[in-house]
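Visitor: Between the sequences and the hints, there should be enough to build the whole structure, so can you do that?
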Amino acid sequence: MSSTNAKGTLSVAERLGTVNFRNQGRSESKPHIVVDTEICNSTCTHKCTTRVCPAKCYTLDDAGLVHFQYEDCIECGTCMYACDQGAVSWNFPHPEEGKGVNWTLG
Amino acid sequence: MEDKFDVIIVGGGIAGLSAAMTLARGNAKFLLIERGEFCGAKNVSGGVLWGNDLAKLVPKYWKEEGGYERFVNHRRLTFMDDQSAFSVDFKSAHFDAPPYTGVTVLRSVFDAWLAGKVQEAIESSEHPDESFLATDILVEEVLQENGKVIGIRAGEERFYADCVILAEGVNNLLTRQIGLEKAYVPVDHMAIGVKEVLKLDASRLQDRFQLTGRSGLTNEFVGACSEGVEGGGFLYTNSDSISLGLVLGLKDLKEKEKTPYDVLNTFKQHPAVAAMIHGAETVEYSAHAVSTGDIKALPSELYKDGVLIAGEAAHLLLNAGKAIQGMDFAMRSGILAAETAIEGKKAGDFSSSMLKNYRTALENSYVLKDMRSFQDAVHLLHQQEMFSAIPNMICDFGRQFFTISGEPTPKASKMMQASIKRHSSYWDLVKLGLKGAKSL
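Chains as they are written, first to last, in my numbering: chain R, 20 to 125; chain C, 32 to 471.
Because the hints were derived from the structure by calculation, they are not lab data. Check before you lean on any hint, since a few could be wrong.
As the list claims (entries may be wrong) - With beta-carbon atoms standing in for the labels, derived distance ranges:
id, chain 1, residue 1, chain 2, residue 2, range
1, R, N39, C, P217, 28 to 34 Å
2, C, E312, R, T62, 40 to 46 Å
3, C, H158, R, E33, 36 to 42 Å
4, C, P302, R, E33, 19 to 25 Å
5, R, L79, C, P217, 20 to 26 Å
6, R, N39, C, A86, 29 to 35 Å
7, C, D380, R, S61, 50 to 56 Å
8, C, E176, R, R45, 47 to 53 Å
9, R, E90, C, H158, 37 to 43 Å
Claimed, not checked - Pairs of lysine to aspartate or glutamate, DMTMM-like flavour, derived with a Cα cap of 25 Å:
id, chain 1, residue 1, chain 2, residue 2
10, R, K49, C, E187
11, C, K213, R, D55
12, C, K230, C, D271
13, C, K289, R, E90
14, C, K289, R, E57
15, R, K26, C, D112
16, C, K282, R, D55
17, C, K282, R, D91
18, R, K75, C, E288
19, R, K26, C, D238
20, C, K230, R, D55
21, C, K282, R, D103
C-beta: ideal position from N, C-alpha, C; glycine also.
Guide: So this is what it looks like as structure tokens:
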């Protein structure tokens, strides 16, 4: 549970704290999404995945470079549509070797 | 599980489970494969399941404790500016008796329950040991031979069937693999749904929303809730929680450089919404891509030799302003796909000329009929005025109309003129009005 502050807002980290992920205990897992950040950081002008991803899997560092991690991915699919640069190779996580969500309520 | 199946279903969501139920009743041998730990583990919806098909799949489902959350007898559409909320509200005892016009659901609960019902149907069918619901398996490939679909591959294992029903959901990778959808689907007809489920114990929930027994409220929002981004908000009452979320057009979200989680915070802080969720605790955050309901987003075809596409994998969805219909379309399309497969089995024919009957059945059903007849409404709802100027104008009028200031009160028509001037123009309204009249 995540208790809401006085304003009722929550950060993405607090929100993700409410999500159940699979294979949390695994030290190594197989990424289900591979992002060619070379493309994000060279030819892409909008870097939109850093905004549209609801789990903040895509982040910008201080130098304005895009970084990606798949561990917080909730498999929504948004980046697969939003990226029009061909940088995102999207797949479903493998049930045993991957991460991915395990919704309690859905 | 060595033998060839009559049908393999990929995906244990509503479309897949509805197909499975229909096949079990039709005594077909099938294998349903779900990648989640259980049916529902990967599924997210707003979610209201509209219509009556559930009663066909699970007769007298309303007598069950499990499954759905609440039946809908109270509908509300709210126009918002940043301070106000102007609602159209309809509550009717006509909606109190089953079969209900709609029920709220939480997918991980509902789908798991429906899967249990399918399992019961398998056990009382003619082939209790030859049909299976298999979870935790990811289908990686659709197997084809001479252009005909013959089965699927999951890891090293291959399973064969006369017919495959793809009910894999909106992120339809397998539909793309067999060429019925382009490999890259752009943002144009896509949206993102973000949601929080907020826990509030049943007695407080019932008092707050004036619910009795298992009755429920659905509230859609348009205007300031989306910070001017194309789309809108929703609030649905569950048994002891509230589903609160937004559906945001992905193209517009991208262009306006907003983030879905910040817009959700804005929505939660609106005074009208804050009062409804006060004291409720967020127990699950979720998000999912969703089609916008544009008929142009349909795959190039919904069948080919040996395969049928059902549910949101086929982008069957409609939001014409009255309700967001996706799960009921999934249910009907799953049923129709299974019925076509049963016909195919009887005729010993699973060629595209036989499976075309599925397309015909969908075209003759309310699914594609409504999608076609309400396309104007879909397009109207995507006009920028609908999520800024119009809600602002309506709330501006509301504020004037409901203000008693101790000064002489102008006539409502004067107030309306002032509101229109501030937020729009007569000409724009006439244009929108004409479109609106035509679309609904």
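Visitor: Against each hint, give a clear statement of whether it holds in the structure.
Guide: We went through each hint and held it up to the structure:
no. : hint                         : in the structure
1   : N39(R) / P217(C): 28 to 34 Å : holds (31 Å)
2   : E312(C) / T62(R): 40 to 46 Å : holds (44 Å)
3   : H158(C) / E33(R): 36 to 42 Å : violated (49 Å)
4   : P302(C) / E33(R): 19 to 25 Å : holds (22 Å)
5   : L79(R) / P217(C): 20 to 26 Å : holds (23 Å)
6   : N39(R) / A86(C): 29 to 35 Å  : holds (32 Å)
7   : D380(C) / S61(R): 50 to 56 Å : holds (53 Å)
8   : E176(C) / R45(R): 47 to 53 Å : violated (37 Å)
9   : E90(R) / H158(C): 37 to 43 Å : holds (42 Å)
10  : K49(R) / E187(C)             : holds (17 Å)
11  : K213(C) / D55(R)             : holds (21 Å)
12  : K230(C) / D271(C)            : holds (6 Å)
13  : K289(C) / E90(R)             : holds (23 Å)
14  : K289(C) / E57(R)             : holds (24 Å)
15  : K26(R) / D112(C)             : holds (18 Å)
16  : K282(C) / D55(R)             : holds (22 Å)
17  : K282(C) / D91(R)             : holds (23 Å)
18  : K75(R) / E288(C)             : holds (14 Å)
19  : K26(R) / D238(C)             : holds (23 Å)
20  : K230(C) / D55(R)             : violated (39 Å)
21  : K282(C) / D103(R)            : holds (11 Å)
In terms of the numbered hints stated before, the structure departs from hints 3, 8 and 20, listed from lowest to highest.
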